[in-house]
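Undergrad: Starting from the given sequences, assemble the full structure and let the hints guide the process.
If you want the building blocks of each chain, they are given just below.
2 protein chains.
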Amino acid sequence: MQKSSLYLFIILLVSSITSCNQSSVSNEEESTTQPFAIVIHGGAGAMKQGMMSDSLETAYKTTLEEAVRMGYQIIADGGDAIDAVTLAINILENSPLFNAGKGAVLTHDGSHELDASIMVGTDRNAGAVAGVTKVKNPILLAKAIMENSPHVMLSGKGAEEFALENEIELVHPSYFITERRKKALEKVQQKEMAPNNSSAFMKDNDLNDYKFGTVGCVALDKKGVIVAGTSTGGMTNKRWNRIGDSPIIGAGTYADNAICGISATGWGEYFIRSVAAYDIAARIKYANQTLEQASREVIQNEIPSLGGDGGIIGIDKEGDIVMEFNTDGMFRASIDKNGEVSVAIYKE
Amino acid sequence: MQKSSLYLFIILLVSSITSCNQSSVSNEEESTTQPFAIVIHGGAGAMKQGMMSDSLETAYKTTLEEAVRMGYQIIADGGDAIDAVTLAINILENSPLFNAGKGAVLTHDGSHELDASIMVGTDRNAGAVAGVTKVKNPILLAKAIMENSPHVMLSGKGAEEFALENEIELVHPSYFITERRKKALEKVQQKEMAPNNSSAFMKDNDLNDYKFGTVGCVALDKKGVIVAGTSTGGMTNKRWNRIGDSPIIGAGTYADNAICGISATGWGEYFIRSVAAYDIAARIKYANQTLEQASREVIQNEIPSLGGDGGIIGIDKEGDIVMEFNTDGMFRASIDKNGEVSVAIYKE
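These protein sequence lines are chains A and B, in that order. If you use this note's numbering, the first sequence corresponds to residues 1 to 348, in order. If you use this note's numbering, the second sequence corresponds to residues 1 to 348, in order.
The reader is advised that the hints may include incorrect statements.
Same chains, same names: a pair is fine if it fits in one copy or spans any two.
Once the Cα atoms are required to be at most 27 Å apart in a straight line, the calculated DSSO-like pairs of lysine-lysine come out as [what the hints assert, rightly or not]:
| id | residue 1 | residue 2 |
| --- | --- | --- |
| 1 | Lys347 | Lys317 |
| 2 | Lys222 | Lys136 |
| 3 | Lys191 | Lys157 |
| 4 | Lys187 | Lys157 |
| 5 | Lys285 | Lys317 |
| 6 | Lys61 | Lys182 |
| 7 | Lys134 | Lys157 |
| 8 | Lys157 | Lys61 |
| 9 | Lys183 | Lys61 |
| 10 | Lys157 | Lys182 |
| 11 | Lys337 | Lys222 |
| 12 | Lys61 | Lys48 |
| 13 | Lys223 | Lys285 |
To be clear, the hints were calculated from the coordinates, so they are not data collected in a lab.
TA: Written out as structure tokens, the structure reads:
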């Protein structure tokens, strides 16, 4: 029932957005002093210009723009950042293009294990889920864990039991499968089998299919609330119920109304070891860095110094947006505090 | 084979320590300028003086002293902090007194789910494991994940498969069961069943049996390497494959040779939301706080401001030790850079 009204809402929004195609969104409430803004990512990786067909590139951009506009409309209408973040992430999870929800990458044994987390900057409440196999939209489960359980982080079968009790939509695991991800797994495993190449599965980065493609969103609403969320299928060929940075508060996701909100994408192990999302916040809080300076330091120096790569998106309490990455590209889109829309894939 | 030589080593150490009962350990290498030190905890909680029998109190203190002395001996002999940390934690895991390894608290359905993590400050490499049911010493599995896998964090059955492949000792789940923890679960579940008291399982804190008792160790060795580790059974009556802060790098465990090492114990959800272990390091790194100031801020202000409680142990690069908690007590022991031994339970 909650879901059907959400879908109705989405349909109404899509129809209202279809008629609005200019690159700047009109904002009826310019009198407000509280800035609001939204930014999303669909993964950072080795996407070089010309590698993708035009039609695939258009598909990515169209979905990114749809997600960021839908999320923006919620906060522009005075709604909550948490609804903007979950709606934008739902759209990316439901698209087979991204490595989250439908289209998630395959594990070593050909199954899916999905991770997600969400954090609300007002009271730094948070919810996270790791290793679920049947939850259509893991970000909604993360939100339910935050709101309806005494815990922050649940995992595996227990998390799915909680999902069932909380009427979070479950699907047959076959729902997540796409031909593209099956081929990516085959390719990585062929490399893994090659002589003298046992760790090839850590190196392949063909068109984002290997370890990137995580999705995320950060929004600042008119009440000054910052929410950050992240959802992922993890790394192609991952084993042993590996948990990456996406469901780790402080690594893949962080939000504090007084500082900023961050969602990360990249080689999760390095984002965990550098506590990347919170390190950006800590640099702003304790070292008086700007969001831009802090993000650049962490993404261009800190993560590479450990050997990792990836990117982050963020919004600070002034509504300033950052989209920082050290890879060839990052699927990303934003609508800033002036209503300017930006959709991009490659370095600029 | 590796294990049998470790046990021989332990036996030799115990016999050498038995003859050494003064409160200061002699240090043959006082000429070194690099300080070395070790600190351990066995959980923070509502332990008031007089609540425990004298014999139970003695048992706690004896085990704490044994663990801290065994770990200290390794670094005093020029060994590695990682060996000191894993040995000290193994002793606490193997003791039924603490909520880690044998004696771990029971989940909602009467089983055990163990979490642990370890981090080495030299390169900030880390390993973590969540929700294992058959691993005798989860800290050894965390170490193996760090050293032998491309991942930082593994969970559940996959982590146990990795344990098997890496010759980490597995035991039948009945190994972990103690009468004391069974009674604690019954008590919490009776309260949970009581009318108007559905969230009682979040409030009971009888003698540390409910949500505390996590163990941890931080050591600084003669090479200047700081290692931190944490191991736990989590919260009594936990459900839905809940993951607490102990296996979360940045929340329950953090180490950086240039700053400090931290291991936390307490109400995990709040340590995750405040990214407690890394926040202490960040305050030292960016705000020029001392380890003592930073720990006090996080434990006495930050965590309680969110509604949580617990404590941390830490060592900074100068070898200064902190044992900070906002509960009635914290099982703890240390041998500082002057060789002074301290073993304590209550506030002083």
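Undergrad: So, for every hint listed, does it hold in this structure?
TA: Hint check results:
{"no.": "1", "hint": "Lys347 - Lys317", "in the structure": "within (26 Å within a copy, 40 Å between copies)"}
{"no.": "2", "hint": "Lys222 - Lys136", "in the structure": "neither (30 Å within a copy, 51 Å between copies)"}
{"no.": "3", "hint": "Lys191 - Lys157", "in the structure": "between (32 Å within a copy, 26 Å between copies)"}
{"no.": "4", "hint": "Lys187 - Lys157", "in the structure": "between (29 Å within a copy, 26 Å between copies)"}
{"no.": "5", "hint": "Lys285 - Lys317", "in the structure": "both (12 Å within a copy, 23 Å between copies)"}
{"no.": "6", "hint": "Lys61 - Lys182", "in the structure": "within (23 Å within a copy, 56 Å between copies)"}
{"no.": "7", "hint": "Lys134 - Lys157", "in the structure": "both (9 Å within a copy, 17 Å between copies)"}
{"no.": "8", "hint": "Lys157 - Lys61", "in the structure": "neither (35 Å within a copy, 39 Å between copies)"}
{"no.": "9", "hint": "Lys183 - Lys61", "in the structure": "within (23 Å within a copy, 58 Å between copies)"}
{"no.": "10", "hint": "Lys157 - Lys182", "in the structure": "both (24 Å within a copy, 23 Å between copies)"}
{"no.": "11", "hint": "Lys337 - Lys222", "in the structure": "within (10 Å within a copy, 53 Å between copies)"}
{"no.": "12", "hint": "Lys61 - Lys48", "in the structure": "within (15 Å within a copy, 61 Å between copies)"}
{"no.": "13", "hint": "Lys223 - Lys285", "in the structure": "within (21 Å within a copy, 32 Å between copies)"}
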